[in-house]
Amino acid sequence: MGSARVEKEVAVPAQGRREALETGAESDGALVIDGVCKSYEGFVLKDVGLELPRGYIMGLIGPNGAGKTTLIKLILNLVRREAGSIRVLGLDNVTHEAEIKSRIGYVPDEPRYHPDITLENLKSATAPFYPSWSEERFQALASEFELSLGKKFKTLSHGTKTRFSLALALSHGAELIVLDEPTSGLDPVFRRRLLDVLAGILQDERFSILYSTHITSDLERTADFVTFLRDGQVVFSRPKDEVIGRWGVVRGGREILDAEARAFFEGVREREHGFEGLTSRVEAARQRFGDRVVIDRASLDDIMVLMGRGER
Amino acid sequence: MTPEPSHSAERVWGLNRNDWLLIRRDWILNRVSISMALFVFATFQVLFVQAQLDLPYVWVFLTCMWAALITLSPLAREMADQGAAWSCTLPASRIDLVRARYFGAWLLAAVGYLVALSVALLAPGSTVVPSFAIDLDTLLVGATIVSVILVFLMPSVIRFGVKGVFVLLVPLNLLLPVVFVVSKATGTQDSLENSLLAGLQSLATVIAGLRDGLSRPLFYIAIVLLLFALNWASYRVAVALFMRREL
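Those sequence lines, one after another, are chains A and B.
Note that this note's numbering numbers the first sequence so that position 125 is 125, with each residue one more than the last.
Numbers in this note's numbering are just positions in the second sequence, counted from 1, shifted up by 1000.
Don't take every hint at face value.
Unchecked claim - A few chain B positions that, by computed beta-carbon distances, are all more than 12 Å from chain A:
#: 1; residue: L1015
#: 2; residue: L1029
#: 3; residue: V1032
#: 4; residue: L1047
#: 5; residue: P1091
#: 6; residue: A1123
#: 7; residue: V1151
#: 8; residue: F1152
#: 9; residue: V1182
#: 10; residue: G1187
#: 11; residue: L1196
#: 12; residue: T1205
#: 13; residue: V1206
#: 14; residue: L1210
#: 15; residue: L1225
#: 16; residue: M1243
To be verified - Computed footprint of chain B on chain A; a stretch qualifies when at least three of its residues, placed anywhere within it, have a C-beta under 8 Å from a C-beta of chain B:
#: 17; region: 71-80
#: 18; region: 113-121
#: 19; region: 127-139
FYI, nobody ran anything at the bench for these hints, they're computed from the structure.
Each residue gets a CB set at the ideal place from its N, CA and C atoms; glycine is no exception.
Throw the hints in and build the complete structure from the sequences for me.
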């Protein structure tokens, strides 16, 4: 099993870049990560870089253990970076930790609050920390998310815990919302509502969202950018439309999958009677394989699955 | 995680807004368990008083030890519930979090002492004399007991949670017997014991000397400054440990 070619690309959409340059906001993006490294035993997050301009949603995708949660924890300074820089809303995330956190809304993959405390009391313990806290907004979200504020946290399902965490994160006018797998425990109906809420937030272009997920269909609906992490490295960080338009999935019989053909693909999945290969060179693939294969536009799911396998 | 100046600069009693909010938050999250602990504490006071023991400094020792241990409960509970990550996502620096823990602990110890004192005085058959319980000497002895417990346990509990108590106490409990066994094997037991006794006697002599040499107010100020210095050193160690903690 070889490793697929890793290309580190960081880009913003042409329109976004132009606007950013015009407003002078480019160096003051919602999130700018550059050369960040972090190592644990058996895992290395290496030279990670990405840029999220204000007013956009970025989806962070990658297989389990790719480093998505570690990257989010680094942004929040929950774990210490070993190298590189992280600027949130133009400020270093370590030297301006408290200020930055008042402007970030964070939803962890597994919300953990004191289990014996009611949601009302958890909210009361949290709200005064945020100068921009909106009680009206919180009550509206609690109602929309069907939260019973008199219930103790430990009695809630995983999905309801996530909803509560979301209500807290969205009630203090956070300019950067960081969501770690927010939809993983949610039913499809609420997932759709959540995506609508997030889209509503982005009506105000000061707000930005970083959103890690396995459910790539959510990203196809909402994200402006996609960053793909694999084995602790950024494979690409590009505008979603560019990602989807660029990649193709080649499907054909196994008899054409020789060593030379394998080298053509960034990722290959073999089946009993055929194979699927991911390529960024769609036109070249058409010329090379002709009508022996079928070529479709790759979905984010295809890209994540095939690149995540890293096979040739 | 380098220290940063807190963004909430206004201070009351040396605490910024975040510190007060953190103490308030701890109260909201732990008021039931703290109230229950205080109830047990009060029951102990009633039983102690009923025993009619004329051992005032034993009362001070047990009361202050109880009060100091109660102060660790919010922190221990947060660690048990894995709530530290939540605390660290709030808009407060890690220094704010540690400072609030220390001030909150002292506040709670003071409240615990007041509750204990009130119950001990009001309980029928009480032998606790009010003038003794609020005497400066008694209060300083109490503050020393609370300080000794907090100074040693807080950094360890802040870094390791409840198991921090064991991280500290288990090696200590192993170290002393090992030292004595080694000293016995090497024939230096007598000299070790003599050194320990001499050390304790020197400490007592220094304190007595200070007490005799200084005027009463100066002596009290010196003790308070010493306790403050110990707490400050413990706080700095706790900050350094908490800065390294990954969540």
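Now the hints, each set against the structure:
The Cβ of B/L1015 sits about 14 Å from the closest Cβ of chain A, beyond the 12 Å cut-off, so the non-interface label holds. A beta-carbon of chain A comes within 12 Å of the beta-carbon of B/L1029; the shortest separation is about 5 Å. A beta-carbon of chain A is positioned within 12 Å of the beta-carbon of B/V1032; the least distance is around 7 Å. Non-interface call for B/L1047 relative to chain A: holds, since the shortest CB-CB distance, roughly 28 Å, exceeds 12 Å.
Non-interface status of B/P1091 relative to chain A is broken: a Cβ of that chain comes within 12 Å, the nearest being about 3 Å off. Once the 12 Å rule is applied to beta carbons, B/A1123 is consistent with being away from chain A; the minimum gap is 31 Å. Separation of B/V1151 from chain A is adequate, the least Cβ-Cβ distance of about 26 Å exceeding the 12 Å criterion. At roughly 26 Å, the least C-beta separation between B/F1152 and chain A is larger than 12 Å, which holds for a residue marked as non-interface.
Residue placement check: B/V1182 keeps its beta carbon more than 12 Å from all beta carbons of chain A (closest about 35 Å). No Cβ of chain A approaches the Cβ of B/G1187 within 12 Å, the least distance being about 45 Å, so the stated non-interface status holds. For B/L1196, the non-interface assignment is confirmed: its Cβ lies about 41 Å from the closest Cβ of chain A, beyond the 12 Å cut-off. Every CB of chain A lies more than 12 Å from the CB of B/T1205, the least distance being 46 Å, so the non-interface label holds.
Look at B/V1206: its CB is around 42 Å from the nearest CB on chain A, clear of 12 Å, so calling it non-interface holds up. Listed as outside the interface, B/L1210 is consistent with that label: its C-beta sits roughly 41 Å from the nearest C-beta of chain A, beyond the 12 Å cut-off. No beta-carbon of chain A comes within 12 Å of the beta-carbon of B/L1225; the shortest separation is about 31 Å. Distance to chain A contradicts B/M1243 as a non-interface residue, since its nearest Cβ pair spans about 8 Å, not more than 12 Å.
Figure legend: the region 71-80 of chain A, annotated as covered by chain B; annotation consistent (6 residues with Cβ-Cβ distances under 8 Å, at least 3 required). With 6 residues bearing a CB less than 8 Å from a CB of chain B, the region 113-121 of chain A meets the requirement of three and the coverage assertion stands. Counting residues of the region 127-139 of chain A whose C-beta sits closer than 8 Å to any C-beta of chain B gives 3, which meets the bar of three, so the coverage hint holds.
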